[in-house]
Amino acid sequence: MSAKPKLHAANVVVRLGDVLIVDGAALDLRAGELTVLIGPNGAGKTTLMRALAGLVPAEGRIEIEGTPLTALTVRDRARRIAYLPQGHVFHWPMPVAAVVALGRYPYADAFSAVTDVDRQAIAKALAATGTEGFAHRAVTTLSGGERARVALARALACEAPILLADEPTVSLDPRHQLVVMELLARAAHSGGAVLAIGHDLALAARFADRIVMMDRGRLVADGSPREVLTVERIATVFGVEAMIAADASGTHPVLLRPI
Amino acid sequence: MMTSAGPSGLRLNLALGALIVVLGVISLMVGPAGLSPREAMAGLFSGEGAAGIVVRDIRLPRTLLAILIGGTFGFAGAALQGLLRNPLAEPALFGAPQAASVGASFVIAYGLAGATSFAVPIAGILGALVSIGGLVAIAGRRASLSVTLLAGLALASLAGAATALILNLAPTPYAALEIAFWLLGSLEDRSMDHLWIAAPFFLASWLLLALNVRAFRALTLGEDAAASLGVDVARTRLLVVIGVALGVGASVAVAGSIGFIGLVAPHLVRRAVNSDPARVCLPAALMGAVLLTAADIAVRLVPANPNATAIEIKLGVVTALIGVPFFLAMIFRERRLLDGAAQ
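These protein sequence lines are chains A and B, in that order. Going letter by letter, the first sequence gives residues 1 to 259 in the working numbering. Going letter by letter, the second sequence gives residues 1001 to 1343 in the working numbering.
Derived by calculation from the structure, the hints in this document are not laboratory data. We put the CB at the ideal spot given by N, CA and C, even for glycine. Just so you know, not all the hints are guaranteed correct.
Sample of chain A residues at the chain B side, in silico, Cβ under 8 Å [as the list claims (entries may be wrong)]:
#	residue
1	ARG75
2	VAL89
3	TRP92
4	MET94
5	PRO95
6	LEU102
Next up, chain A with everything else stripped away, as it sits in the complex (with noise of 0.2 Å):
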């Protein structure tokens, strides 16, 4: 394997509650390294996920770069991972442009200016996304699959060395699934580690280096999707019966029915 990954978590559990959650996960995210984390809904994706960038309470360590996540400030954690969070939620009609601004939040503090490595960051982070010919145009007037290129467009302007994204391909026509998919895979394989929930366990395979594999709380398998993605597994966490075509592109699930 390659080296030290950017983030080492085991033995997190996360409870809500009295509710176990996650319950002793152990992943490591490496740079150049997209991994998809797939399981069928209430498996604890998202919570999974939340407490991986310091947002919800977890036991267990958590190691980012090296140091403990509790260690960090919460500035230097906002610099060291970038999360997108499910729906990509925007509550003013902002400009496109300002909105990617804030990927650069953490780098700012009420007096100081906007840099040119601010300004390169967000134009960098327009131009990948593909949203530059409308970054003067309001969000919210926006179509979903444009309000996904620019919610990303925000994340990559952090330009963290971990992205973590909920489900960033949710409620996407299929050519902006594919879109969102490849900027992924662009920004770990252009030195990021990523990390990514999602549903559609094909676009998974296409574009995983490194799928996980969540149910009840726990991971139950980690590796490439061939490794990961096979009929009895598909059957037992997602109660589908599958076919797995395998070629030289790599793997394909198709989803036959419900079991």
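Dock chain B against chain A, hints included.
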């Protein structure tokens, strides 16, 4: 600031600042004493003679209070809207001024303190704190707009009932009448003492809100994304609630209840700052000062029946008469948003 104030934002702020000065000067000239502009200015700067007393002791305090209270309501409204990510948020919709009225009228009714004592603003601030804190606690962190508004409505009604009870049980009819008129909201007959009592609370309010203005921008992405960007959401919420309560509580304690400036002022300037919830705060405060100063000039110009108990139309009546239809118009425009929130 991440996005520097564009020329339109700067120009707007300068224009609003100039308008406040102009309205402030007009406010010093308007009143029953019928001074000419020259007499008024001479009175202000010399302080001598009848004109000096009228301008310095009667008109100057009410002018300054109109600017400060209007500015505070504009700022508080913009801040609450930024915190709750909703253009319909307004201190009055959450029962803050009504709750401040309860505290202040209790103190007045039972003569616990003279009208110019610190006890009135402190009681008002406590009332406002309890109501906004209660709202955040009852409606919860992720409350939808409809839940928040319903909880606010309930708290406002409860505060209204409590004030009615105090009026009901007022020890003397004179106290009841005093409270009743004071509740209508007015800047009539306020002195510099009122200003000095309220000023520290206004300053504290502005400071607390200003410290959190930047977070409002990150909050446009929702609380989780804002937290991931380094915003301490719980702390921001607490400080803004306290800041709003301090400002609104002190305003109500000095001027009675004056509503809807906090709703109207940010709305009027939002477009000029591209809906940026942080950059809207300064022009919203300036616009609030403009609106309240203008309203306070208007109440002195509108003829009222000199034989009635109230010589002037009350300021709070004017702001509500303008503000409530404005609020209804906004609900009309934001219907889709409200429908969505109700689901």
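Outcome of the hint check:
no.: 1; hint: ARG75; result: holds (5 Å)
no.: 2; hint: VAL89; result: holds (4 Å)
no.: 3; hint: TRP92; result: holds (4 Å)
no.: 4; hint: MET94; result: holds (5 Å)
no.: 5; hint: PRO95; result: holds (5 Å)
no.: 6; hint: LEU102; result: holds (6 Å)
Figure legend: structure checked against the earlier numbered hints; every hint is met.
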